[in-house]
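Produce the entire structure from the sequences given, and follow the hints as far as they go.
Residue numbers for the sequence shown follow my numbering, so the first one is 12 and each next one is one higher.
Any given hint could turn out to be false.
Pairs of lysine-lysine residues, derived as DSS-like cross-links and limited to a Cα-Cα distance of at most 25 Å, are as follows [to be verified]:
#: 1; residue 1: LYS15; residue 2: LYS106
#: 2; residue 1: LYS64; residue 2: LYS15
#: 3; residue 1: LYS106; residue 2: LYS40
#: 4; residue 1: LYS64; residue 2: LYS40
#: 5; residue 1: LYS39; residue 2: LYS15
#: 6; residue 1: LYS39; residue 2: LYS64
#: 7; residue 1: LYS84; residue 2: LYS15
#: 8; residue 1: LYS106; residue 2: LYS81
#: 9; residue 1: LYS106; residue 2: LYS39
#: 10; residue 1: LYS40; residue 2: LYS81
Note that these hints are calculated values from the structure, not bench results.
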Amino acid sequence: MEEKVFYRNQLVNNINIYYEFYPNPNSKKTLVLLHGFLSSTFSFRRLIPFLNKEFQVVSIDLPPFGKSEKSNKFVYSYRNLAQTVIELIFALDLKEIVLIGHSMGAQSN
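Written out as structure tokens, the structure reads:
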């Protein structure tokens with residue numbers, strides 16, 4: 012099976028968020044991956060192919076990490092990071108989701 016991925020940026024909560032979307036037409040459920048401190052979507056590169064066999068997957072670069080925007084106007088609190096993730100989920104119109112966080116990403120859930 013050929014891996015299909017969409018690399019995108021989305022403006023949410025006044026900051027540009029980078030994410031990767033791995034569709035799976037056979038699954039209504041989407042796994043949303045949130046990386047740990049000083050990391051990025053890159054940390055999930057070996058896990059995503061296994062998860063994508065059964066689920067859609069969205070991997071997010073939490074700001075200011077990875078390819079997401081770095082801004083001195085953004086409030087880098089767990090509450091605001093969580094709000095940003097929620098707004099991205101709504102913007103992508105994701106319905107049945109499972110949030111999976113590693114380290115700092117789990118605290119943003």
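Report task. Sort out whether LYS15 lies within 25 Å of LYS64, counting only the CA atoms. Result -> The given pair, whose Cα atoms are some 11 Å apart, holds under the 25 Å limit.
Query - Restraint status (C-alpha distance of LYS106 to LYS81 at most 25 Å) - result: violated (28 Å)
Query raised in the report: Between LYS106 and LYS40, is the straight-line Cα distance small enough, at 25 Å or below?
Result: With Cα atoms ~8 Å apart, LYS106 and LYS40 stay inside 25 Å; holds.
Requested in this report: Assess, step by step, whether the Cα of LYS64 is no farther than 25 Å from the Cα of LYS40, and give holds or violated.
Outcome: holds (12 Å)
Query raised in the report: Between LYS84 and LYS15, does the CA-CA distance stay at or below 25 Å?
Result: violated (34 Å)
**Report entry** Straight-line alpha-carbon gap LYS40 to LYS81, limit 25 Å
**Finding:** violated (30 Å)
Query raised in the report: Under the criterion that the straight-line Cα-Cα distance not exceed 25 Å, is the pair LYS39, LYS15 satisfied?
Result: Holds, at about 16 Å.
Query raised in the report: Does LYS64 lie within 25 Å of LYS39 when you go C-alpha to C-alpha?
Result: Holds - the C-alpha atoms of LYS64 and LYS39 are around 13 Å apart, at most 25 Å.
Query raised in the report: Does the alpha-carbon distance linking LYS106 and LYS39 stay inside the 25 Å limit?
Result: holds (8 Å)
Query - Given hint LYS106 paired with LYS15 - CA-CA distance at most 25 Å - result: Since the Cα atoms of LYS15 and LYS106 sit roughly 20 Å apart, the hinted pair holds (cutoff 25 Å).
In this structure, the hints that do not hold are numbers 7, 8 and 10, in rising order.
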